[in-house]
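> Each chain, written out:
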Amino acid sequence: MENNQTITDATAIILTGGKSSRMGRPKALLLFDNEPLIVHILRALKCMFADAVVVAAPGQELPPLPATVARDEVPYQGPVGGIYYGLKAAGGEFCFVTSCDAPFLNVALVSHLLSEISSCDVVVPYWQERFQPLHAVYRKSVLPLLKDQLDRGELRPVFLYDKVRTHKIGEEEIRRFDPEGLSFLNMNTPTDYALALKRWQEVRQRTETETASSPVSVTVELFGVPRLLAKTKAVSLSLPQEATLSQVFSALAERLPILVGRVISSDGGNLFSGYACNVNGLEFVRSPSAKVNPGDRIFILSADAGG
Amino acid sequence: MHGFHGRLLHIDLNSGTASWHELQESRLRAFLGGIGLGTSLLYEYAPPGVEPFSPANPLIFTSAPLVGTGLTTTAKFAVVTKSPLTGFIADSLSSSYFALELKRIGLDGLVITGRSPAMTYLFIHNEHVEIRRADHLTGKSPGETESLIRSELNSSSVRVAAIGKGGENRVRFATISNEGRHAGRGGVGAVMGSKNLKAIALCGNRESRVADPKGVEAIADSLRQRSLGSLTDKYRSIGTVANLAVFNRLGSLPARNFQQSTFDDAEALSGETLTENNFSRRHGCASCTIRCERLFKSLNGEEQRLEYETLFALGPLCGIKDPEVVLRAAHLCDFYGLDTISTGGTLSWAMECSEKGLLPEANKLGLRFGQPDAFLAAIPAVAQREGLGALLAEGSRRAALELGSRSSYWAMHVKGLELPGYEPRSLKTMALGLAVSPRGACHNRSGAYEADFSGEVDRLRADPRRGSLVAASEDFAAVLDSLIICKFLRKCFSDFYGEGAELLSNVSGWNCSSTELRRIGERIHTLKKLFNVREGWQPDDDWLPQRLLSEVLPTGVARGTGLTSSELREMIQGYYKAREWTEKGFVPRKKLQELGL
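Protein sequences appear in the order of chains Z and V.
Under my numbering, the first residue of the first sequence carries the number 1, and numbering increases by one thereafter.
Under my numbering, the first residue of the second sequence carries the number 1001, and numbering increases by one thereafter.
If you're looking for bench data, these hints aren't it; they were derived computationally from the structure.
Be aware that a few hints might be false.
Incomplete in silico selection of chain V near chain Z, CB under 10 Å [claimed, not checked]:
#1 Ala-1118
#2 Cys-1203
#3 Glu-1207
#4 Thr-1232
#5 Tyr-1235
#6 Arg-1249
#7 Ala-1266
#8 Ser-1280
#9 Gly-1284
#10 Ala-1286
#11 Glu-1309
#12 Gly-1455
#13 Asp-1463
#14 Lys-1487
In silico lysine to aspartate or glutamate, EDC-like type, Cα no more than 20 Å apart, as pairs [to be verified]:
#15 Lys-1321(V) x Asp-121(Z)
#16 Lys-1356(V) x Asp-1135(V)
#17 Lys-168(Z) x Asp-1265(V)
Here a beta-carbon is modelled for each residue, glycine too, at the ideal position from N, C-alpha and C.
The task is simple: from the sequences and hints, build the whole structure.
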């Protein structure tokens, strides 16, 4: 992600080892967008993560995958077992864990969850009054605690959250990236599967329309006063092709109106003189007419570095 | 005379006598007040080659023309002496009510020489000078000393600057503290301690007049308005601690004794996180509209001031990630009167030596990166020179020389002064500014990082043309530090030299031009250099620690970036050229004549 590169210190983990009993056939192999669902999800995650682990039950059939395949040492120990075996096999210090039955991954939300892990052990979304442990980021250091849970038969991930530094991401924050919460839509029955396929067609059509007019996706990272005002560290923005910094500021003003009049000028096209802009951590850019590139990370910070 | 009192007070602690001396208007016009006047007095009063702890080394306090004018951020004073840490000039600033009172004594400069036979404090009440016993104050913190003296003198209008145990024990990076603020860098508190001088208490009512009160008021009003705008938002809303998260993201946050320029746990220590979790109160100096100080509350309910430099030095630099530990360490440094940057810099040196097996004594104590207990225990040990603390009280350069082996490689200082929280390898203009600064590794006597953070230059690449940027930044700082105006107001001037000259003219009655003000800045900076040359400066002294020239940055956006010796040498040559000094960095006679030195 950073500088358009994949993330190298984090791993994506996909759990596939569930029984799929209500579905009646293995969920990982359901066809989705003309490919097995596990391939579809892995493809989405490999755009972000250099390292990926697929956790499967012993003997479970899988297509060839560009990932490490870890097998549950003891099958069907629920999500805690899957997370445990996934973390054990992961190369990264942080791991984004998801399941193979949630096809609507939102790259911006996953990226946001990862950006929040630095000062805690778990970053977990809380959507419609429920934790979403299978769409969360875990620090590898929680492994011993998960092992204890398995030994005690505590198969629900929430037991872990009380014991470590857990950062709950609330609904309002989630909606900034995924307004409908599609990320948490999973499929347990053939009806769920049919509905998801239909939804996928709709989303794809919408995305294709938007992509034609808004192909540039950038992430704005906020520091200091802007971060405190917006109560968030980063936002993802979709912009028209050939977009300029001025358009970034306008889109940011629309997304976070609280910044207008304090950080962003009232017409939305520039920053106030007390603020500066850095692109990808490398270049301080003063001209609002400078073009941005897809994947750019744009920092908004104080123009004064005095201390 | 307007804006000045035109006189100085010399107190000789050897004889216990005080004498008043006239200060010529021409001298004040050439050097202004603050650091400029202090440097000029240091050059005059310090015998060449004087030992910093010798009674003959003068400890100089100076006021400035803008003090007392009501202009925002100008309640400041300077302390100048020969540094026990560097052997060169130590010029430190502090601020608030003590600064106002110093001017109300009716002087522009206070020069203290000699040594009292026992611990004493000075009480100066207008022309009346009293040297009082301070046995009962020995061992007290600066804050306790201030309270005790004020109650002893039964006066709430008395203002006090004092040293803590660090100064009493001549810890080479001890501070002088007033109202919770510090003249922090270079060991001015150790020089005060060497004179057996615990504190200075002031009470005065001698007002100085300005030449054009209406003109001063108009500029003061305008600057007051500007000081409340976007350009100071960071300082007013979060304080300097805001630097930590963004420096980390830019790969400019020194961590673990400069092994890295990012810190994994930076978010936990960030100004934003502290503001959300620990904010207690906002505070400001006297006569200041910006009010940048932040007090944070620890879990036990105690309030502690925290600045970026303290946060960086007692946090990431030592591998400490718990804000509670940083707050505690900052409290200890304030209590004992220690410079937080040099404390962090020296302890992180010891931690690295401990981990590399060079300092078994530190290893035995558990002094390693990120270990809070040994870290917190080391600070009182330094202040009291107990055990390993006696070595560390000497600062990283001397401690490394004493320890020998390869330990100097990990002593991160310039001229003996430990580096501040700006990673030189990812801030190349700053790298040059640090290398050539007369007071050693300092972020205040030039703001060379400003160019790096502006987009004016590529901060990751070295370039010989940086010399003129650094020179301009030093001269600008010299003028600010001598008028005195706080640097946090600096961006509020659209044409600093023009507006500054007008302000100085309105205060002093002189018809000062922007060209003259620029020249004053250059003159002051050059005199600092001349003092250092007189005290033995050699070209090798303008250099950076070898680690910075040998290792590339291993993490963050600046990963792989380094700085080579030849790049640094070229930048230094560019700087000497911009200054019109000789190739070896000496000031030619022609330049001295040009500056009237």
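> Kindly indicate which numbered hints from before are broken by the structure, ordering the numbers from low to high.
Hints 1, 2, 3, 8, 9, 10, 13, 16 are the ones this structure does not satisfy, whereas the remaining hints hold.
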